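Following this note's numbering, the numbering of the sequence shown begins with 11 at its first residue and continues without gaps.
Where hints are given, some of them may not hold.
Okay, derived cross-link-like pairs now, EDC-like style, lysine to aspartate or glutamate, Cα gap no bigger than 20 Å in a straight line [claimed, not checked]:
id	residue 1	residue 2
1	LYS225	GLU73
2	LYS166	ASP131
3	LYS145	GLU124
4	LYS145	ASP61
5	LYS153	GLU73
6	LYS153	ASP91
7	LYS133	GLU163
8	LYS166	ASP207
9	LYS145	ASP207
10	LYS52	GLU73
Hints listed in this document are in silico derivations from the structure and should not be mistaken for laboratory results.
All values reported here derive from a predicted model rather than from experimental measurement.
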Amino acid sequence: MVRLRRMGPGPGRPGVNSAYRVQLGENQIFDQTRNQTFSSVKRIILHPSFDSATHQSDIALVELESPISLTATISPICLLDASVSVPAGTPCWVTGWGTRLPQISSSLSKTLQEVEVLTVDSKVCNSRFREALRKPADYIPIKEDMLCAGYMEGYKGFAPGDFGGPLVCEQNGTWYLGGIVSWLLTMTVNGVTSVADCYPGVYNRPNAHNEWIQKNVPAVTFTVVNFPSNSAHSSAIIPRVLLLTILLWMTL
Numbered sequence: 011m012v013r014l015r016r017m018g019p020g021p022g023r024p025g026v027n028s029a030y031r032v033q034l035g036e037n038q039i040f041d042q043t044r045n046q047t048f049s050s051v052k053r054i055i056l057h058p059s060f061d062s063a064t065h066q067s068d069i070a071l072v073e074l075e076s077p078i079s080l081t082a083t084i085s086p087i088c089l090l091d092a093s094v095s096v097p098a099g100t101p102c103w104v105t106g107w108g109t110r111l112p113q114i115s116s117s118l119s120k121t122l123q124e125v126e127v128l129t130v131d132s133k134v135c136n137s138r139f140r141e142a143l144r145k146p147a148d149y150i151p152i153k154e155d156m157l158c159a160g161y162m163e164g165y166k167g168f169a170p171g172d173f174g175g176p177l178v179c180e181q182n183g184t185w186y187l188g189g190i191v192s193w194l195l196t197m198t199v200n201g202v203t204s205v206a207d208c209y210p211g212v213y214n215r216p217n218a219h220n221e222w223i224q225k226n227v228p229a230v231t232f233t234v235v236n237f238p239s240n241s242a243h244s245s246a247i248i249p250r251v252l253l254l255t256i257l258l259w260m261t262l
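Work the whole structure out from these sequences, hints included.
Now the structure itself:
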């Protein structure tokens, strides 16, 4: 499994791997169905370069206690080769059980939610966030291992509670992990916190860490995806097989 580094053991969270349990193949977070599978966690590998201030290297690997059988609702997803750069305007889908927007509450969605977003050029995203954060021109909030996806009008994307969730994309029938939900801008007015409009969500870009992933999972393979130049992307229907609790299953 791949997930956020800051969601692993740390202050306020269990430090023992056995304290964690992974739920797979389910789209109802509170109700049990025949589709779900549980697994204990054997090991959590945290990225050593994680920066809590910038969210850089916000990625971790999770080794499950035992192999998982693939089913109609549990399937692995491709990891991109380090040479692949997802073009701006690529449609992707983010899923999670986070709070329902626009206001941020403490209650999670009972049913797994999904929304289509478009990838955003990093230069455009950096400029927009610099302006919002009132930072100088040399400030780079969107680091090399990050990806922006969403819209520049209103807000459409992940919500608090979705952190660590997958951003999945499709090209020529190949589904790949484009990003891992990392951070977004919020605003508080009169004590009410909501997601800031007109700013995309920010994701960790897994293929920026392929060397580290392969060091810990030698058998892993990466996928090269070819994008047509200067062509409009068409929307696709995300299959239910990708609406997973788990981001990626690997044998370590």
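What are the numbers of the hints the structure violates, in ascending order?
Hints 3 and 5 not satisfied by this model.
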